[in-house]
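**Q** Given next are the chains, with one letter for each unit.
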Amino acid sequence: DTAVSQTPKYLVTQMGNDKSIKCEQNLGHDTMYWYKQDSKKFLKIMFSYNNKELIINETVPNRFSPKSPDKAHLNLHINSLELGDSAVYFCASSQGGGGSYGYTFGSGTRLTVV
Amino acid sequence: DQQVKQNSPSLSVQEGRISILNCDYTNSMFDYFLWYKKYPAEGPTFLISISSIKDKNEDGRFTVFLNKSAKHLSLHIVPSQPGDSAVYFCAASVTGTASKLTFGTGTRLQVTL
Chain A
1 DTAVSQTPKY
11 LVTQMGNDKS
21 IKCEQNLGHD
31 TMYWYKQDSK
41 KFLKIMFSYN
51 NKELIINETV
61 PNRFSPKSPD
71 KAHLNLHINS
81 LELGDSAVYF
91 CASSQGGGGS
101 YGYTFGSGTR
111 LTVV
Chain B
1 DQQVKQNSPS
11 LSVQEGRISI
21 LNCDYTNSMF
31 DYFLWYKKYP
41 AEGPTFLISI
51 SSIKDKNEDG
61 RFTVFLNKSA
71 KHLSLHIVPS
81 QPGDSAVYFC
91 AASVTGTASK
101 LTFGTGTRLQ
111 VTL
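Taken in order, these protein sequences are the chains called A and B. So the first sequence is numbered by our numbering: it starts at 1 and just counts up by one. So the second sequence is numbered by our numbering: it starts at 1 and just counts up by one.
Please note that a few of the clues may not be correct.
[As the list claims (entries may be wrong)] Stretches of chain A that chain B covers, calculated by requiring three or more beta carbons in the stretch to come under 8 Å of a beta carbon on chain B:
(1) 38-52
(2) 102-111
[As the list claims (entries may be wrong)] A short list of chain A residues far from chain B (calculated; beta carbon distances all over 12 Å):
(3) K9
(4) V12
(5) M15
(6) D18
(7) F64
(8) L83
(9) D85
(10) A92
[Claimed, not checked] Simulated pairs of lysine-lysine, DSBU-like, Cα-Cα distance not exceeding 30 Å:
(11) A/K36 with A/K52
(12) A/K52 with A/K41
(13) B/K68 with A/K36
(14) B/K71 with A/K44
(15) B/K71 with A/K36
(16) B/K5 with A/K44
(17) A/K67 with A/K40
Since the hints were derived computationally from the structure, they do not count as laboratory data. Even for Gly, the Cβ is constructed at its ideal location relative to N, Cα and C.
Looking at chain A on its own, in the form it has when it is part of the complex (with noise of 0.2 Å):
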């Protein structure tokens, strides 16, 4: 029943190496969020799909590539991962743009390469 679900919820991984984080969402919401939380705990926006088409995309390096296959997923693909890279990740998604409620947060992929 989780509304929005992330998968893995760890995941550790070798430099160099290529990963991929899922995301669904069973609320109906339009929009789907990415964001990273550093190991100074800001939380960043990474990129923004409204009904399946990319809206935000801030300043990421294109090693990183979302996918939205329909509006209740949105998945994200790391090519070439960097120690840098170690984070924790949040799937969010909206109806619109968030208005009085916001957004509705995944748990989070805590991803650590090594």
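Chain A is already provided as a structure; the job is to place chain B on it using the hints.
**A** Just chain B, lined up with the frame of chain A:
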């Protein structure tokens, strides 16, 4: 260029007392402000919001105050309960289809018995 700042990384309050969490912002285009609560190993959960046309919004024990001229908002929790112990994030947005939330770095609230 941190546009949303929470200058107190932590706060400890006794159960039953008032907790006041503060947030400052620099971008005058922000017109919606939200507070999120986060427990360890979970995602942030929405708590309360306020539009820039208001200066106060109340929901049960939680009240958010907005001072636009000072670019300052605060979250009051009365009375504080042990279950309120969490990290609280302030966030701001500019209303629109492509809106995004800009977060502060959070304040860890510890409510003691």
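**Q** Could you run down the list of hints and mark each one as holding or not?
**A** Cross-check of the supplied hints:
With 8 residues having a Cβ less than 8 Å from any Cβ of chain B, the segment 38-52 of chain A passes the three-residue criterion, so the hint holds. Counting residues of the segment 102-111 of chain A whose CB falls under 8 Å from any CB of chain B gives 7; the rule of at least 3 is met. Non-interface status of A/K9 relative to chain B is broken: a Cβ of that chain comes within 12 Å, the nearest being about 8 Å off. In this structure A/V12 is separated from chain B by more than 12 Å, as the shortest Cβ-Cβ distance comes to about 16 Å.
A/M15, annotated as away from the interface, keeps every beta carbon of chain B farther than 12 Å; the closest lies near 25 Å. Residue-level check passed: A/D18 sits 25 Å from the nearest beta carbon of chain B, beyond 12 Å. For A/F64, the requirement that its beta carbon stay farther than 12 Å from each beta carbon of chain B is met, with the minimum near 16 Å. The non-interface label for A/L83 is consistent with chain B: the shortest C-beta to C-beta separation is roughly 22 Å, beyond 12 Å.
The claim that A/D85 is not at the interface with chain B holds, since no C-beta of that chain comes within 12 Å of its own (minimum 19 Å). For A/A92, the condition that its CB be more than 12 Å from all CB atoms of chain B is violated, with the nearest at approximately 7 Å. For the proposed pair A/K36 and A/K52, the alpha carbon gap of about 20 Å is at most 30 Å, so the pair holds. Distance hint between A/K52 and A/K41 is fulfilled; the C-alpha atoms sit about 28 Å from each other, no more than 30 Å.
Taking the CA atoms of B/K68 and A/K36, the gap is about 28 Å. The hint holds against a cut of 30 Å. Between B/K71 and A/K44, the direct Cα distance comes to roughly 21 Å. Compliance with the 30 Å bound is thereby established for this hinted pair. As the CA atoms of B/K71 and A/K36 are separated by approximately 26 Å, the hinted pair is consistent with the 30 Å bound. The suggested pairing of B/K5 with A/K44 holds, with an alpha-carbon distance near 13 Å, which does not exceed 30 Å.
A C-alpha spacing of about 27 Å is found between A/K67 and A/K40, which places the hinted pair at or below 30 Å, so the restraint holds.
Going down the numbered hints, you'll see the structure goes against 3 and 10, while the others check out.
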